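Protein chains: 2
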Amino acid sequence: MTTIAVPEDSPFGLANLPYGVFSTPGTAPRAGVRVGDSVVDLALALGDDVFARPTLNAFMAQGYERWVEVRRRITELVAGDVPDEAVHAVGAVTLHLPFEVADYVDFYASEHHASNLGRLFRPNAEPLMPNWKHLPVGYHGRAGTVVLSGTDIVRPRGQRKAPDEAAPSFGPCRRLDIEAELGFVVGAGSPLGTPVPCDDFARHVFGAVLVNDWSARDIQAWEYVPLGPFLGKSFATSVSAWVVPLLALEAARVPTPAQDPEPLPYLRENAPWGLDVEFAVAWNGQVVSRPPYREMYWSPAQMLAHMTVNGASARTGDLFASGTVSGPERDQRGAFIELTWGGREPVAVNGEKRTFLEDGDEVVISATAPGADGTRIGFGEVRGRVLPAGS
Amino acid sequence: MTTIAVPEDSPFGLANLPYGVFSTPGTAPRAGVRVGDSVVDLALALGDDVFARPTLNAFMAQGYERWVEVRRRITELVAGDVPDEAVHAVGAVTLHLPFEVADYVDFYASEHHASNLGRLFRPNAEPLMPNWKHLPVGYHGRAGTVVLSGTDIVRPRGQRKAPDEAAPSFGPCRRLDIEAELGFVVGAGSPLGTPVPCDDFARHVFGAVLVNDWSARDIQAWEYVPLGPFLGKSFATSVSAWVVPLLALEAARVPTPAQDPEPLPYLRENAPWGLDVEFAVAWNGQVVSRPPYREMYWSPAQMLAHMTVNGASARTGDLFASGTVSGPERDQRGAFIELTWGGREPVAVNGEKRTFLEDGDEVVISATAPGADGTRIGFGEVRGRVLPAGS
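So the sequences go chain by chain: A and B. Everything in the first sequence is counted per UniProt numbering, starting at 1 for the first residue and increasing by one. Everything in the second sequence is counted per UniProt numbering, starting at 1 for the first residue and increasing by one.
Chain A extracted, bound-state conformation:
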């Protein structure tokens, strides 16, 4: 038996207990929980085959009461002795995409980000559209290209047309960007025809991950009117390996900023689901931005309520992301197009002036939040390196 040592300042202490999927040379992909620098094999430790599967989906589908019960059992388990064969060093395992993505939706919930993008994409118009403060604007993305943190990102090719060019040309993206976001994973779905009220959020959403919504700004700018972003986004979306349970985020709940005008009744919350999550965006190892999630105008409970209010079903594995997290300050912007103001105001990265991503660049997005025991819990990271466009 093993007692798992948790360093005092670990972002993976007992207040966190995020779930992931791991394999070892002798173990097929299966569910694990991270504790300190260890991964506990849940199928072995709890004796439950639902954790012996290659994704968390079957467990997530079991619903809220099970999530509570399993978290309680894990808490008891790791406070005592765990069988040796159920404990692995995190550095010795291979991590996998923790859930099978059903539908992927991306919102646009930061007023700072939406205003900045409006100014950059539509310089001669009001930055916020008339609908923006009435509903959480969102759109569907490509579920099949959601990849695990650490996956290299090949620079996409596509059609680009600068405003001063007569016709589009085809070639590698020239304005490759990131978007630092928080993603929410639906565990328990909802049937067709049954909207999910804001107050039922925690009964449906299992947990949260970090998301990097890689964006090809030149491709996006040319294609996105009138049906929205498509190839400018669909080449890759990276997510972190550990799903932080919503149950671990109780201490992070804060009110959203004041919403004016008051939202329609279906978007009103009785208890707030704003989240005090602090992001850090590192560009080639240097932190260039610290976006504050507590500034997000729309809460994830409002996003889920909106997404289902027309009767659309939700499924286990649905991923919906917040949209870029940007605060009011320049060094709180979660996309480089905002941080460098469309490339016109470069930032210094390790002494080099940078605007958009260059081949070989690496971006690491991380985040922490207050945990129930006074520690800070961590989301780990979502990491990606840019490779040159393929031949």
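Hints are computed from structural coordinates only; laboratory data are not their basis. Here the structure is a predicted model, which is why all the values come from computation and not from measurement. Warning: the hint list may mix true and false statements.
Partial pick of chain A residues on the chain B-facing surface, computed with a CB cut under 8 Å [as the list claims (entries may be wrong)]:
hint: 1; residue: Ile4
hint: 2; residue: Asp103
hint: 3; residue: Arg157
hint: 4; residue: Ser234
hint: 5; residue: Thr375
Okay, the calculated bits of chain A under chain B, using three or more residues with CB under 8 Å as the criterion [claimed, not checked]:
hint: 6; stretch: 142–148
hint: 7; stretch: 212–225
hint: 8; stretch: 236–246
hint: 9; stretch: 308–315
Positions of the beta carbon are idealized from the N, C-alpha and C atoms, including for glycine.
With chain A's structure known, arrange chain B on it following the hints.
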């Protein structure tokens, strides 16, 4: 043994042989092929367990050579005698969604439709956006709400704001519409980073289905700027029960209309994939429109090439639809917003003036195409009835 009788004018003759999924009181959902008014149980008839699954996905994933081989074997089989227990009357079986939808993408490939919608949604601007003739405009839809023909459609609720209203209100959709489309089902996927050239279309796309992309025009008009349609579409998308193999559509291939300007090289076809498919749209039993698919500006091979040119992978079960099929004439328009010009020019349906869909209305979209043996092959139908908004 049974000899399957095929009526001479059957749209399901030997030139068609579409695949579906059916069950009977004694048989769990499994693959079948439709021949005349019969369904042949493929797991039994061919002795292959890949057809004993509840979707076609595993078979579709086996790839082009297998599709050719199985079609040859079925052709031989049904020309002779088939074991009694493998043959069911189509009226005696329950049909199911024939494939599990991975990602769902909807294009906008009819110049007539895009021009009409442009005039209706943006009356003071050029109807076609500058990008429209350079690339097949498309966006991702909600895979989880793709439903089988025959599923009732509950009128969605949502936010609507007419141009003359000061603020949005919430309630049942007041402008519920259809879109008659052809959908293409990916059988053999493509890996991340590997675009599919136009000329490889038939090696990846298994077959085609009819699609009704139900649309809440008032919800869509209020929400869609800048990120595209979302709740105005995501409540339901209906597909027909029979997947017509691409191999059955060889005789239907025609050139697309002239494309000017010439598309960029990755969008050029060496052999045409326009399709001479004739649609009929029946509103409460009366045919109100006959949209001609051969008028579509962009071919489905161009759609797939575009969708993957940024390196996005395709997966077995991906569904991409053409967008509304509309021809140049009024009675060739595949959406009621066009047919009734935004509701201002009602059509007579069984003597009643109609604009948008009313509760209880039923829409049946059907289509046929020339088959290799001189007959016309049928897509069957995609049917849906509108139920009142839920409480």
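Structure-inconsistent hints, enumerated in ascending order: Result: hints 1, 5, 8 break, sorted rising.
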